[in-house]
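One line per chain: the protein sequences are A and B, in this order. The numbering used here puts the first sequence at residues 79 to 579. The numbering used here puts the second sequence at residues 79 to 579.
FYI, nobody ran anything at the bench for these hints, they're computed from the structure. In this text, a Cβ means the ideal position worked out from N, Cα and C, and glycines have one as well. Be a bit skeptical, because a hint or two may be false.
[Stated by the list, open to error] Over the 12 Å line for every Cβ pair with chain B, so calculated as not near, a few chain A residues:
#, residue
1, G306
2, E444
3, T479
[What the hints assert, rightly or not] Computed Cβ-Cβ distance ranges for the label pairs, DEER-style:
#, chain 1, residue 1, chain 2, residue 2, range
4, B, P530, A, K200, 43 to 49 Å
5, A, Q152, B, K132, 38 to 44 Å
6, A, Q465, B, P530, 32 to 38 Å
7, B, L281, A, K200, 54 to 60 Å
8, B, P209, A, K132, 48 to 54 Å
9, B, P88, A, S455, 36 to 42 Å
10, B, E520, A, F303, 47 to 53 Å
11, A, D154, B, P178, 50 to 56 Å
12, B, Q553, A, K132, 40 to 46 Å
13, A, Q152, B, P178, 32 to 38 Å
14, A, Y170, B, P178, 45 to 51 Å
Protein chains: 2
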Amino acid sequence: MSKTFDKLQPYLEKSMAFQTARSLFEWDDQTTAPFEAADYTAKVVGILADEYMKCLINDDVRKLLKKLQEDKEQEDLTDTEKAIVKELAKTYEQLESIPPEEYRAYNELAPVANRKWIKSKKDNKYEDFAPYLKKIIDMKKKFAGYRAKGVKDPYDVLLGDFDECFMMSDLDPFFEKIKSEIIPLLKTVGAKAETIDKSYNFLNYDIDKQKEFCKFLSGYVGFDFNKGVIAESAHPFTMQLHNHDVRITDRYMEDNLESAMFSIIHESGHAIYEMNVDDSLTQTLVGGGASMGMHESQSRFYENIIGRSKEFWEPLYDKLVKLYPDNLSTISLEHFIKGINKAAPSFIRTEADELSYCLHIIIRYEIEKMIFHDEVSIEELPKVWNQKYQEYLGITPTDDTVGILQDTHWSWGEFGYFPSYAVGTAVASQIYACMKEKMPLEEYLKEGNLIPIREFLRDSIHKYGATKNTNEFLQDVCGEKFNPDYYVNYLKEKYTKLYEL
Amino acid sequence: MSKTFDKLQPYLEKSMAFQTARSLFEWDDQTTAPFEAADYTAKVVGILADEYMKCLINDDVRKLLKKLQEDKEQEDLTDTEKAIVKELAKTYEQLESIPPEEYRAYNELAPVANRKWIKSKKDNKYEDFAPYLKKIIDMKKKFAGYRAKGVKDPYDVLLGDFDECFMMSDLDPFFEKIKSEIIPLLKTVGAKAETIDKSYNFLNYDIDKQKEFCKFLSGYVGFDFNKGVIAESAHPFTMQLHNHDVRITDRYMEDNLESAMFSIIHESGHAIYEMNVDDSLTQTLVGGGASMGMHESQSRFYENIIGRSKEFWEPLYDKLVKLYPDNLSTISLEHFIKGINKAAPSFIRTEADELSYCLHIIIRYEIEKMIFHDEVSIEELPKVWNQKYQEYLGITPTDDTVGILQDTHWSWGEFGYFPSYAVGTAVASQIYACMKEKMPLEEYLKEGNLIPIREFLRDSIHKYGATKNTNEFLQDVCGEKFNPDYYVNYLKEKYTKLYEL
C-alpha cells in the first residue's frame with residue numbers, strides 16, 4: 079500500500095467526475111441538446127474543463143507525481159497504480175505546458191466549431207467553417223508547440239495522444255507499404271467488383287425496421303443494454319461515462335441498407351471493449367481502452383473481419399431478408415456477401431470498403447502533416463483534399479460536403495486521430511490471425527455463438543483497460559509486436575478468395 | 079458597480095456550472111441512462127454536489143456575502159445583484175449547517191433511492207422501497223433539524239425551500255378553506271359527472287400519433303423547439319440547463335388520450351416560464367422561476383385554466399378528431415369539454431381533475447406533517463395514505479403502486495414540495511382573474527392566438543426570474559397578495575356553468 083498514492087486518490091476521483099460530466103455534455107450535445115443551447119452550454123463546459131485541469135495540474139499533485147515516479151515509491155505500487163501514475167505523467171505532459179486560460183478558451187471554442195461544422199456541411203459551405211477550423215488549428219498548433227518544446231515534431235506530439243506506439247517514423251513506412259500493395263490490388267479488385275450488382279442496397283429501407291435490426295445486431299455481437307443505450311447522431315460514435323454506462327449512436331438512411339448496420343457493429347465493438355473493462359479500473363485514468371488504435375482494432379474487428387464474413391451472416395441473413403422481402407428475396411447470401419465487400423473508390427471514409435478504407439486515412443494523414451508543417455493554408459485545404467482523392471482513388475469529390483467537410487473530428491480539434499483507424503485495422507488483422515490459431519472462430523460464427531470470441535477479447539485485452547499499450551498487448555496476445563504484414567495478407571487473401579482473382 | 083460583488087462572480091459562475099452538470103445528470107438519469115449505470119454515476123454526481131457546496135460554502139464567499147449584506151454595500155448593487163445576494167443568503171442558510179460529508183452522502187443516495195422507487199412501484203412492493211425512503215427521510219429530518227436550530231418547525235424549513243411565502247400557518251387555513259368548500263362541491267359535481275360518458279378517452283390511441291399531437295400542442299402553446307427538447311420518462315417533468323436549453327418529458331399510454339396531452343401542456347407551461355427568463359438572469363442564482371408555487375401557477379394556468387377551456391379547443395378539436403376518427407368522430411366538442419373536466423375521485427394525482435386535485439395535495443401535506451412531526455412510522459405510511467383517500471375522496475387505493483408509490487418526489491427527498499402544487503393552482507386563478515380584466519383572453523384562445531397571453535406572462539412574470547417572490551409578483555401584477563378566494567370562486571363558477579348546477 080502506497081500512502082503517497084492514497085493522497086493522490088481524491089484528486090484523481092474529482093478530476094474523473096469532471097471528465098465524466100464533460101463526456102455527458104458531449105454526448106448530450108451530439109444527441110439531444112436544442113440548437114440554441116450551444117453558446118450558453120459552452121460556458122458551463124468551459125468551466126468544467128477548467129476545473130478538471132486545476133484539479134490535476136497543481137503543486138500538490140505535481141509533488142505527489144514526482145515522488146511516485148521515484149524508484150523507491152514504485153516498489154510499493156500495484157501494477158494498476160503504476161499504470162495510473164504513468165498515465166498521469168502523460169496527462170501532465172499534455173496539459174502542463176498549456177496556460178489554463180488558453181485550455182479553457184479551447185474547450186469553449188470546440189463545441190461552437192462543431193456546430194458551425196454541422197451547418198456548413200449541411201449548406202456545403204466550407205468558407206463558413208474555415209474561420210473556425212483555422213482557430214481550432216491555430217490553437218492546436220500552439221498547444222503542440224508548447225508540448226514539443228522544440229525537440230519533438232508537433233505532429234508527433236498529437237499522434238502520441240492517440241497511440242504512443244505510432245509516430246510518423248512508424249506510420250510513414252506502414253502507409254508506404256499500404257500504398258504500394260493496396261493501390262494495385264484495389265485496381266484489380268475494383269475492375270472485377272464493377273460486375274457486382276449492388277443496386278439492392280440503395281432501394282428504400284424503412285428506417286424503423288433498420289433501427290430494430292441494428293438494435294438486434296448490436297445485442298447479437300454482445301452490446302449489453304443494461305449497461306448501454308443507442309441513440310442517433312450525425313456521425314456515429316461511442317461514449318462511455320464508465321464501464322456500466324457506455325453509449326453508442328447510429329445514423330440511418332432510407333436509401334442505404336449497409337450504412338447503419340455496419341456502423342452499429344463498429345460502435346458495438348467499441349462499446350463491448352469499454353463494457354468489459356474491469357470494475358477495478360473504471361473511473362480511473364486507465365479505465366478506458368488502451369489507445370485509439372487498440373479501440374479501432376476492436377470496432378473494426380467486429381465490423382469488418384467478423385461482420386463482413388460469410389460465416390457471420392449465415393445464421394442471420396434469413397432474418398434480414400424476412401424484414402425486407404421485396405428488396406432482398408432475390409438476393410442470395412453469396413450475392414449479399416459480395417455486395418457488402420464490394421470494393422470501389424468512394425468519397426466517404428465511413429462508407430468505404432475495407433480495401434480502399436486505408437487510402438482515406440492516408441489522405442487525411444498526409445494533409446494533417448502538411449497542416450502541422452505549415453505547408454498548406456486553410457483556404458487551400460479543399461483543393462489539396464480533392465487532388466489527393468484523384469491521385470489515390472481516381473475520383474474527385476463532387477462537393478465539400480462529401481469532401482473535406484465529411485468528418486466531425488477536425489471540428490473537435492482531433493488531429494493525429496485518423497491514423498489510429500488504419501493502425502486499428504492492421505492490429506485487428508494481427509489479432510484475428512492469432513485468434514484463428516486458438517479457436518474455431520469460423521465455426522462459432524456459423525453457430526451464431528459469439529460468446530467465446532467476446533470472452534477471448536475480454537480476457538486477453540478488454541479487461542486490462544489502458545494498463546498496457548498497443549505493442550504490449552500484441553506481444554502478450556500474439557507473441558509479436560505490431561506487424562503490418564498480417565493486414566496486407568488478410569486483405570490479399572480475403573479479396574483473392576472473394577473475387578476468385 | 080460593486081467591487082465586492084465582482085469578487086463573488088467567479089464563485090457563482092463555477093457553482094452554476096456544477097449545478098448545471100448535476101441537472102444534466104438528473105435529466106439523463108430519468109430519460110436515457112442504462113439501468114446499471116446508477117451506482118457508478120451516483121459517485122460522480124456526489125462529487126459534483128460536493129464541489130458545488132465547497133464552491134459556495136467557504137470562508138471567502140462567507141466574508142463577501144456578509145459584506146454585501148451591509149447597508150453601505152447594498153447601495154452599490156443593482157436590483158438583480160440584490161436579489162442574487164438574497165438568494166445566496168438563502169442558499170447559505172440551507173447548506174451551511176449541513177456537514178459536507180452528509181450532504182454528499184445524501185446526493186449519492188437520492189438517485190439510488192429513485193431507482194429503487196421505480197422498481198418497487200413496478201413490482202408493487204412498498205417494502206422494497208421503504209428502507210430507502212426511511213434513509214432519505216432520516217437524512218432530510220436531520221438536515222431540517224440542523225437548519226431549524228430549535229427555533230423553526232423543521233417542516234416549515236422544508237416548505238420554505240419551495241416557497242418562502244407559504245408556511246404551515248399560511249397553508250393550514252388555505253387547506254381548511256379548500257376542504258370545507260371543495261369536498262361538498264365535489265360531491266355535487268361528482269354525482270352529476272357520473273352521467274358523462276368518458277369511455278371514449280380509454281379506447282386505443284396510437285402512441286406515435288399521441289406523440290405527434292403532443293409535440294404540436296407544445297409548440298402551439300409556445301414551447302420553442304430551438305431552445306428545448308421533449309423526451310419520455312416515467313413521470314413527466316421539466317428541467318432547464320439555462321434559458322436556451324429547457325427540456326420537458328411526457329409519458330404516453332395507449333389507452334388514455336388525455337394523460338399525455340395535459341401533461342405536455344403542463345410541462346410546456348413550466349418550460350415557457352424558463353425560456354422567457356431574461357438573458358441577463360440565466361445561469362445566476364435568480365435565473366429560474368420565482369418559486370415552486372409560481373412555477374406551478376404557470377404550468378397549471380396553461381394546463382387547466384387555458385387548456386381545459388372550450389375556447390382553447392375550439393380551433394383545435396377538429397385536428398384531434400381527424401387524428402383519431404374512429405374514436406372521436408361521434409364525440410362533440412361539448413362532450414369532449416365535459417369529458418376533460420369530468421370530476422371524479424381518483425387515485426392518481428397527476429391524472430386528477432381540477433376539482434379533486436387539491437385533495438391529493440392536502441393528503442400528501444398532512445402525511446408529510448405527520449412524518450416530520452414523528453407521528454407516523456415508515457411502515458404505517460401506506461395504511462395512513464389509504465385511510466385519508468377513503469376519508470377525503472371516498473375511495474381506497476387498490477394497491478401501493480396507485481397509492482403511496484405513485485409519485486417520484488419522495489424518492490428524491492422532495493418533502494415540502496407538494497403544497498406548491500395547490501398554491502400554484504390558486505395563484506393561477508388569481509392571475510387569470512386579473513388577466514381577464516386586461517385582455518380579451520377568451521377571444522385570443524378562440525382565434526388560436528396565444529401570443530398575447532405568453533407575452534403578458536413573459537413581461538409581467540417570466541422575464542424577472544426569481545428576483546421577486548410569489549406575493550411580490552401577485553402584488554405587482556394583480557395589486558393584491560395571495561388570496562385563495564379567487565381559486566374557490568374560479569372552481570365554483572367553472573363547475574356551476576359546466577354542469578349547470
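Hint check results:
1. G306: At roughly 5 Å from the nearest Cβ of chain B, G306/A sits no farther out than 12 Å, so the non-interface label is violated.
2. E444: 39 Å, holds
3. T479: T479/A is indeed farther than 12 Å from all Cβ atoms of chain B, at 23 Å.
4. P530/B / K200/A: 43 to 49 Å: For P530/B and K200/A the Cβ distance comes to about 35 Å; the hint is violated.
5. Q152/A / K132/B: 38 to 44 Å: For K132/B against Q152/A, whose Cβ atoms are near 33 Å apart, the range 38 to 44 Å is violated.
6. Q465/A / P530/B: 32 to 38 Å: 59 Å, violated
7. L281/B / K200/A: 54 to 60 Å: Between L281/B and K200/A, where Cβ atoms are some 42 Å apart, the hint is violated.
8. P209/B / K132/A: 48 to 54 Å: About 39 Å separates the Cβ atoms of P209/B and K132/A, which means 48 to 54 Å is violated.
9. P88/B / S455/A: 36 to 42 Å: 39 Å, holds
10. E520/B / F303/A: 47 to 53 Å: 50 Å, holds
11. D154/A / P178/B: 50 to 56 Å: Roughly 30 Å apart at Cβ, these two residues miss the hinted range, so it is violated.
12. Q553/B / K132/A: 40 to 46 Å: Holds, since Q553/B and K132/A (Cβ atoms, about 45 Å apart) stay within the stated range.
13. Q152/A / P178/B: 32 to 38 Å: The hint (32 to 38 Å, Cβ to Cβ) holds, given that Q152/A and P178/B are roughly 34 Å apart.
14. Y170/A / P178/B: 45 to 51 Å: Since Y170/A and P178/B have Cβ atoms about 29 Å apart, the given range 45 to 51 Å is violated.
The structure fails hints 1, 4, 5, 6, 7, 8, 11, 14 (numbered hints given earlier, in ascending order).
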